[in-house]
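J.: Listed here are the chains, written in short residue letters.
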Amino acid sequence: MVDVSQHTLVPEHTLLEEEEVEEMLDEYDVKRTNLPKIKRTDPAAPDGVETGDVVKIVRDSRTTDTAVTYRLVIE
Amino acid sequence: MTEYEHVTEDVEALVEDRDIPRRLKLRIYDTIEEREGVSPAQADEIAQAVEARYLDTRVDPLDPVGTVSAQSIGEPGTQMTMNTFHYAGVAEIDVTQGLPRLIELVDARKTPDTPMMTVYLEGEYATERERAHEVVWSMEATKILALGDVSTNVADMVVQIDLNEDTLMERWPTVDNVDTVAQEIAETIEDALGVKTRRSGTVVEFGPEAPSYRRLLQLVEELRDIVFKGIEDITRVVIRKEENDETGDEEFVLYTEGSAFGDVLPIEGVDASRTTSNNIHEIHRNLGIEAAREAIINETMNTLREQGLDDVNVRHLMLVADIMTNRGEIESIGRHGISGSKDSVLARAAFEVTVNHLLDAAIHGEEDDLDGVIENVIVGKPIAIGTGDVDLRMGSIEASADDETDAAAPEPSDD
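In order, the protein sequence lines correspond to chains A and B. Counting with numbering that gives the first Met the number 0, you get residues 0 to 74 for the letters of the first sequence. Counting with numbering that gives the first Met the number 0, you get residues 0 to 414 for the letters of the second sequence.
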């Protein structure tokens with residue numbers, strides 16, 4: 000199988016611990032469901048993610064060096 | 000501070016006071032830590048500079064970013080060519096460009112008008128032409144006419160294929176025996192057409208079970224469509240020598256007419272970390288939603304650049320890509336996608352097919368909360384954007400001595 004995470008188009012995805020999720024939601028003052036979504040079956044999703052988890056994505060940004068974003072895992 | 004050795008309480012207080020997000024504060028601490036401490040005056044200067052830069056780059060509250068993006072992409076769009084085809088770059092492959100391509104991208108069409116891939120190679124496949132050709136032959140769909148001559152003998156009711164020995168050896172570089180290849184071809188024909196074949200050397204013969212002129216011609220037709228090697232969707236591959244942007248070395252790059260991203264990535268010799276397709280759905284399927292977002296930005300930006308319109312700020316295209324990928328799958332902008340899934344009846348009706356939306360809404364007794372912009376333009380109320388969403392109240396505030404600057408903050412307004 001091809002290792003999807005090695006592709007230049009794919010930014011780094013990491014599963015966020017519950018504690019970190021709360022911290023992040025607090026910082027941005029948003030609800031979990033306000034986050035952009037990612038499918039559980041997404042080829043780039045980290046192994047073993049479940050619906051309701053939050054994935055942290057560190058993109059190589061075009062406007063600054065890196066940009067951090069989050070996606071909520073959905074069905 | 001506990002986790003920072005070199006950040007004193009004075010410095011911390013100065014930084015904490017600034018109107019910047021937590022992550023930037025942490026980065027300031029990290030930087031100070033790296034420099035092994037700075038004086039409070041220096042720290043204040045740093046924090047001030049970071050704050051100024053941060054406030055400078057931040058979008059104002061209630062700024063209609065979507066509308067600004069729409070205008071910023073729309074205006075240059077009027078200068079784009081309507082001309083569909085163009086030989087892109089130097090590779091002699093037809094690709095849709097200009098406005099039709101831009102529309103195709105934001106409409107998120109299932110397949111582009113002219114699908115193509117840019118296939119990068121790795122190791123010696125990238126440096127040796129012979130090896131690069133191996134990859135070409137395993138991708139390009141090879142049909143019977145490329146392999147030999149087909150003749151139909153009506154008298155004997157047979158189709159005779161005279162395979163070209165040199166071509167076989169060239170296209171099956173890993174097999175060193177012509178017989179093996181010819182046998183493989185004969186078997187492929189048997190499987191695909193359901194007929195018995197006879198083979199002697201490189202000549203393969205077959206015919207209909209019972210003598211039938213129609214069936215014979217039908218077999219020849221079907222024979223032409225069989226893919227003996229390669230991927231059916233890839234009709235042509237162009238091989239080019241290019242300079243690698245990163246290493247500066249020369250390497251072979253393949254451009255394909257037709258796209259089958261998922262099938263190409265696992266092929267030996269293909270660099271699965273750089274190869275791309277112009278089909279955003281294939282990218283999404285194989286690399287995920289984030290890669291699809293990147294691909295949308297790249298494709299739209301390249302389309303604009305090709306037309307000399309690259310002064311469009313990439314942030315507008317990033318916004319478009321963010322919205323198209325927001326729900327974890329690619330959605331189009333138009334009435335079947337984002338615009339069509341708006342809550343407001345009036346907003347949907349204002350976009351396209353007005354009557355249908357109004358009729359459906361009437362049948363189902365829909366209500367409109369008038370939260371959006373367009374609805375309020377229609378009914379003639381102030382829109383909830385910019386100054387339209389700010390309420391000012393007259394009154395007096397009792398200002399305490401150290402609160403003075405804060406209390407004076409609301410500036411006089413014309414409202």
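Hint data in this document are derived by calculation from the structure and do not stem from the laboratory. Careful, some of the hints might be misleading.
If the Cβ cut is set under 8 Å, some of the chain A residues that face chain B in the computed set are [as the list claims (entries may be wrong)]:
(1) Val9
(2) Lys36
(3) Ala44
C-beta atoms are modelled at their ideal positions from N, C-alpha and C, and glycine is treated no differently.
J.: Quick check on lysine 36 of chain A please, does its C-beta sit within 8 Å of some C-beta on chain B?
T.: holds, 4 Å
J.: Should the hint that alanine 44 of chain A touches chain B count as held when the rule is a Cβ pair under 8 Å?
T.: Nearest chain B Cβ about 7 Å off; hint holds.
J.: May I ask you to test the interface hint for valine 9 of chain A with respect to chain B, counting a Cβ-Cβ separation under 8 Å as satisfied?
T.: holds, 5 Å
Violated hints: none; the structure is consistent with every hint.
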